[in-house]
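What follows is each chain in one-letter form.
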Amino acid sequence: GPKVLQIPSHQIIDMGQMVTLNCDPVSNHLYFYWYKQILGQQMEFLVNFYNGKVMEKSKLFKDQFSVERPDGSYFTLKIQPTALEDSAVYFCASSLVRGTDTQYFGPGTRLLVL
Amino acid sequence: GDSVTQKEGLVTLTEGLPVMLNCTYQTIYSNAFLFWYVHYLNESPRLLLKSSTDNKRTEHQGFHATLHKSSSSFHLQKSSAQLSDSALYYCALSRNNNAPRFGAGTKLSVKP
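For the protein sequence lines, the chains are A and B, in the order given. In terms of our numbering, the first sequence opens at residue 1 and continues consecutively. In terms of our numbering, the second sequence opens at residue 1 and continues consecutively.
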């Protein structure tokens, strides 16, 4: 089936640094999502992105977070500056239609902030 | 606000026994759309089944679920567990075309 790729699979950085997580969504999909999963906890919605704009975000999507998809390339999540509590697995997903359509997930990026 | 509850964090079964994973949800909106996603180790989470139709059974790959709006439930069932069903199962809710919100997940462990 359709695949979503995430790069890198693992990232270790020092607190205060910037990090960019990359997602290669399904090619014809229009809606893009990031979810955050702290170890042992549930997958929490962060943000939904469409047509160059944030459509929806949760309170977890702090001011230090930003998303973009320049020129149809990777869909990125940037955290600047990072904090210890940002350590988690970040899952990217994409869908053709918003909300009720099937989401296709990537394998996740494991981020560790030291 | 909206919420999804999966009470069981871990369900351990013997192969061949029936599976039932519980999911209840809360929303004030009538247009709830419920999903079950399965997450196998070292793979990406993927959709198992979904429904927005009240009292209609939805089936896929041997699993089934029926959305009951009267009880706000969408329990996942299978008649006979297989070893290969061992995975994390997430129930999720979308309404008003918002991005799905996930429950805490239930780890299903099937033993021989």
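Please note: incorrect hints may appear among the correct ones.
With a cut-off of at most 16 Å between alpha-carbon atoms, the simulated EDC-like pairs for lysine to aspartate or glutamate come out as follows [said to hold, decoys possible]:
(1) Lys57(A) / Glu44(A)
(2) Lys3(A) / Glu43(B)
(3) Lys57(A) / Asp71(A)
(4) Lys59(A) / Asp2(B)
(5) Lys57(A) / Glu43(B)
Reference listing, derived: stretches of chain B covered by chain A, where coverage requires no fewer than 3 residues with Cβ under 8 Å from a Cβ of chain A [as the list claims (entries may be wrong)]:
(6) 66 to 77
(7) 103 to 109
Under 10 Å between C-beta atoms, here's a sample of chain A residues computed to sit facing chain B [said to hold, decoys possible]:
(8) Ser58
(9) Lys62
(10) Ser66
No wet-lab data here; the hints were simulated from the structure. Where a beta carbon is used, it is the ideal one built from N, C-alpha and C, also for glycine.
Exercise for the section: Quickly compare the C-alpha distance for Lys57(A) and Glu44(A) to 16 Å and report which way the hint goes. Expected result: holds (11 Å)
Practice task
Please work out if Lys59(A) and Asp2(B) have their alpha carbons no farther apart than 16 Å.
Solution key: OK: Lys59(A) and Asp2(B) at ~14 Å, within 16 Å.
Handout entry: Coverage of the stretch 66 to 77 of chain B by chain A (three or more Cβ within 8 Å)
Key = violated (count 0)
Problem - Restraint status (C-alpha distance of Lys57(A) to Asp71(A) at most 16 Å) - result: violated (22 Å)
Handout entry: Coverage of the stretch 103 to 109 of chain B by chain A (three or more Cβ within 8 Å)
Key = holds (count 3)
Practice task
Using Cβ atoms only, decide whether Ser66(A) comes closer than 10 Å to chain B, and label the hint accordingly.
Solution key: Check failed: Cβ of Ser66(A) comes no nearer than 17 Å to chain B, outside 10 Å.
Exercise for the section: Compare the distance between the alpha carbons of Lys3(A) and Glu43(B) with 16 Å, and conclude whether the hinted pair is satisfied. Expected result: holds (11 Å)
Handout entry: Per-residue hint verdict: Lys62(A), partner chain B, C-beta under 10 Å
Key = violated (17 Å)
Handout entry: Interface hint outcome for Ser58(A) [beta carbon to chain B under 10 Å]
Key = holds (9 Å)
Handout entry: Restraint status (C-alpha distance of Lys57(A) to Glu43(B) at most 16 Å)
Key = violated (26 Å)
The structure is inconsistent with the numbered hints 3, 5, 6, 9, 10, although it conforms to all the rest.
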